[in-house]
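K.L.:
Just so you know, the sequence shown maps onto residues 1 to 144 in UniProt numbering.
Since the hints were derived computationally from the structure, they do not count as laboratory data.
Watch out, some of these pointers could steer you wrong.
As the list claims (entries may be wrong) - Label pairs and their computed distance ranges (CB to CB): (1) A136 to D24: 18 to 24 angstroms; (2) P3 to T69: 14 to 20 angstroms; (3) D93 to N19: 16 to 22 angstroms; (4) A120 to D16: 28 to 34 angstroms; (5) D93 to D2: 39 to 45 angstroms; (6) P107 to A20: 17 to 23 angstroms; (7) A120 to M68: 17 to 23 angstroms; (8) A9 to A91: 31 to 37 angstroms; (9) R49 to G109: 20 to 26 angstroms; (10) A9 to A136: 36 to 42 angstroms; (11) A136 to A80: 18 to 24 angstroms; (12) S73 to L96: 31 to 37 angstroms; (13) R62 to A6: 26 to 32 angstroms.
From the three backbone atoms N, C-alpha and C, an ideal C-beta is built for every residue, glycine too.
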Amino acid sequence: MDPRTATEALIRRYYDAFNAGDVDAMAACLSPDVAHDVNQGGRRVGIDRFREFCAHMARCYRERLDAMTVMASADGQRAAAEFTVSGEYLATDAGLPPAAGQTYRLPAGAFFEVRDGRIARVTTYYNLADWTAQVAAKAGGGGG
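Please put together the full structure from these sequences, using the hints given.
P.N.:
Take a look at the structure:
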């Protein structure tokens, strides 16, 4: 398998595991020293920190990614993914509007660095103002 195809398959495995709620399978795609950069947040380094983040996310949000497009460089060392996040806000996250089961849908993307067949860096981006407006508009009314 050429490097581009291998990297695209790796990224798809990572996101298939995300959609399945399988943190172990996601972690298996990562380098032990993975750098995980989250939109509007700090960098977390290492699989343990990644797992902590996933536990926090599972407590506060239920999300599914669809309309996935994955692209990789010819050498397989860089990749990008674009997708749509469909979610439900389950528990209030610090510094964000109160959670009341609001649903949301927004475009997002991520950039990856791949080393030795594993994800060494993942950086995720989405429009926080769009998300905030969606959940604030539905606050008190529940769901979407």
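K.L.:
Take the hints in turn and mark each one as holding or not.
P.N.:
Structure-based check of each hint:
With their beta carbons about 34 angstroms apart, A136 and D24 fall outside the hinted range of 18 to 24 angstroms. Distance hint check for P3 and T69: the Cβ-Cβ separation is about 19 angstroms, which falls inside the suggested range of 14 to 20 angstroms. Between D93 and N19 the Cβ separation comes to about 21 angstroms, which falls inside the hinted range of 16 to 22 angstroms. Taken as a hint, the range 28 to 34 angstroms is violated for the pair A120 and D16, whose Cβ atoms sit roughly 20 angstroms apart.
Distance hint for D93 and D2: a CB-CB separation of about 41 angstroms, consistent with the stated range 39 to 45 angstroms. Taking the beta carbon of each, P107 and A20 are about 22 angstroms apart, inside 17 to 23 angstroms as hinted. Taking 17 to 23 angstroms as the suggested C-beta distance range, the pair A120 and M68 conforms, at roughly 21 angstroms. Here the CB-CB span from A9 to A91 is close to 34 angstroms, well matched to the stated 31 to 37 angstroms.
The supplied range of 20 to 26 angstroms is met by R49 and G109, whose beta-carbon atoms lie about 22 angstroms from each other. In this structure the supplied range 36 to 42 angstroms holds for A9 paired with A136, their Cβ-Cβ distance being about 39 angstroms. Between A136 and A80 the beta carbon distance is about 30 angstroms. The supplied range of 18 to 24 angstroms is therefore violated. The hint said 31 to 37 angstroms for the Cβ distance between S73 and L96, and at roughly 35 angstroms that hint holds.
Range check, R62 to A6: about 31 angstroms between beta-carbon atoms, so the 26 to 32 angstroms window is met.
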